[in-house]
Amino acid sequence: MQLLNRPTAQRADAGVPNAVILATRDLTKTYGRGNQKFAAVRQVSLTLHRGEVLAFLGPNGAGKTTTIKMIAGLVRPDRGQVTIAGEDPHRYARALRNIGAVLEGNRNLYWRLTPEENLEYFGVLRQVPRKVAHRRGLELLDRFGLLDKRDTPVQKLSRGMQQKVAIAVALIHDPQLLLLGEPALGLDVEAGETVKALVREIAQEGRAILLTTHQLDVAEALSDRVAIIRRGQIIAEQSTEALLQAFSDSAYHIEVEGSLAPAQHRQVTRLGAIVEGRHITYAGTAENLYALFAVLQPLPILSVQRDRADLTQVFLKLVKDT
Amino acid sequence: MIDLLHVELKRTWIQFIRYPAEVIAGLIITTSVFYGLFLSARYMTGPGFAFGDRLDAVVVGYVLWSLNLYIINDIAIGLQSEAETGTLEQVFLSPWGSPRIFFARAVASLALRFTLIMGVVLILMAISGSRLSFPPALLLPFLTLVMAGYGFAFIMGACALVFKRVQQILGIFQFLLLFLLAAPFEEATGIMQYLRFLLPMIPSTGLLRDLMARDLALDWGTFGLAFLNGLSLGRNIGEKTWFP
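Chains as they are written, first to last, in the numbering used here: chain A, 1 to 322; chain B, 323 to 566.
Calculated from the structure, these hints are not laboratory results. Each hint should be verified, as a subset may be incorrect.
[Unchecked claim] Listed next, the in silico DSS-like pairs over lysine-lysine satisfying Cα-Cα at most 25 Å (straight line):
1. B/Lys332 - A/Lys320
2. A/Lys131 - A/Lys149
3. A/Lys196 - A/Lys69
4. A/Lys37 - A/Lys69
5. B/Lys332 - A/Lys149
6. B/Lys332 - A/Lys131
[Stated by the list, open to error] The following residues of chain A were derived to be distant from chain B, with all beta-carbon distances above 10 Å:
7. Gly73
8. Leu96
9. Asn108
All of these numbers come straight from a predicted model, not from anything done at the bench. Beta carbons: idealized from backbone N, C-alpha and C, even for Gly.
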């Protein structure tokens, strides 16, 4: 494959809020020949804006990795197009400067090198001048709280630290798109939360993040939008909140302190709620909810919760039903 | 490109030197295997036998075998382990393009291995009493040998990526390589004196033995064939590096 380097004018709009950083159109990839031919990815179209986190989810073998590799210019699509900040990575090597990647399943680092050495090396690999790469590397280590570990070989760092170094390496050339695979896999709770906070921070800086993970709680916590792929095709793509809403029912669960008086019980039942001891389940309108609260006075309300599906339930339902 | 070369040299050196025990063990094993072979040969011939330039030829063959083994391990096993740790994908994500990066890596690994092999040569000369010549003309067949060696290493590396596990094949292959590089094919007769030009690295090895052990002048005709031999193996890397 021959790639060209060329300056481009289209990159200018990447600084605009909500600018499209990643756009794929009808990406298609088929492997094998004859009877063994199978379509790994079929007409996948995705759009990712500046500052947005898109969780790209799917069961094993659904086509996530092939799609990511086509986006990164590592696998050439049979059909369709990828543009990153307006440039096609399959035609222009320069487009690769807009991609940072921590790909799934490993740390993408040289284990014998220290974080500082890894950052300088990968910076130059991304065509950042060596001195600039060194300076930026130290800044990133400082920001990620790893400056005191700058001279420790990566293999002697904890898994959480290694993950932070890998993310720092992916950011060394200041890319606009970050491909992030399993950012919290194998991390303890504290390290997982730290990495999640970092991901949020990176998105807030205005980078677009394409997140792939099987940890759906992580996807739910980090993503603005969700795209689910199954057997090579996108079966759902919408905002995380809208998707969760669509799969949530409208019941409220209210817990009160003490018991309801008989009159209160009657009124609550008349409003359509079900009383079970201190727990009340109400599936009516939001307006009547306030009428229900009025009836409950002066009993202290301990909690009010609305039934809400989580991403795991949504994912399993979509993947099984379609 | 200078920056790329700089960081590749630095990375190669750091990865090599970070655990000095490995370096020392490698040197000891390389030289002691030769010393074992040398003692066995002397035992078979008896103490009064003079090896003459045959000893020098064996030293040259052994040193070139060690160098090629280093190169093949650096590239083939290196590619496989990088595929496992994910750094290989990062290489392919580089705007430099993989041919330039692998060229820089080849230069860096050669610089390191060449330095190391010079140390091995001096130790072998000291323990065996061999006296090798180092005429400037040896750089030409050395270059063709290295071209062929890297070409071969990248082919093995490609096999490592496709077939995943090649360590066992590489383990057996090193004995085949020892046979190819240590046996004096340049003195072969019959059909083998022609076929040897088709075997990987053999014409260059023969020329190096002529120059370093037998004190002969460079045979330009043989060098032309050695160049073609090196080019046929190394051309993919060369073409893609210089004419991307």
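Hints and how they fare:
{"no.": "1", "hint": "B/Lys332 - A/Lys320", "result": "violated (51 Å)"}
{"no.": "2", "hint": "A/Lys131 - A/Lys149", "result": "holds (20 Å)"}
{"no.": "3", "hint": "A/Lys196 - A/Lys69", "result": "holds (23 Å)"}
{"no.": "4", "hint": "A/Lys37 - A/Lys69", "result": "holds (19 Å)"}
{"no.": "5", "hint": "B/Lys332 - A/Lys149", "result": "holds (20 Å)"}
{"no.": "6", "hint": "B/Lys332 - A/Lys131", "result": "holds (14 Å)"}
{"no.": "7", "hint": "Gly73", "result": "violated (7 Å)"}
{"no.": "8", "hint": "Leu96", "result": "violated (5 Å)"}
{"no.": "9", "hint": "Asn108", "result": "violated (4 Å)"}
In the structure shown, a violation is registered for the earlier hints numbered 1, 7, 8 and 9, in ascending order.
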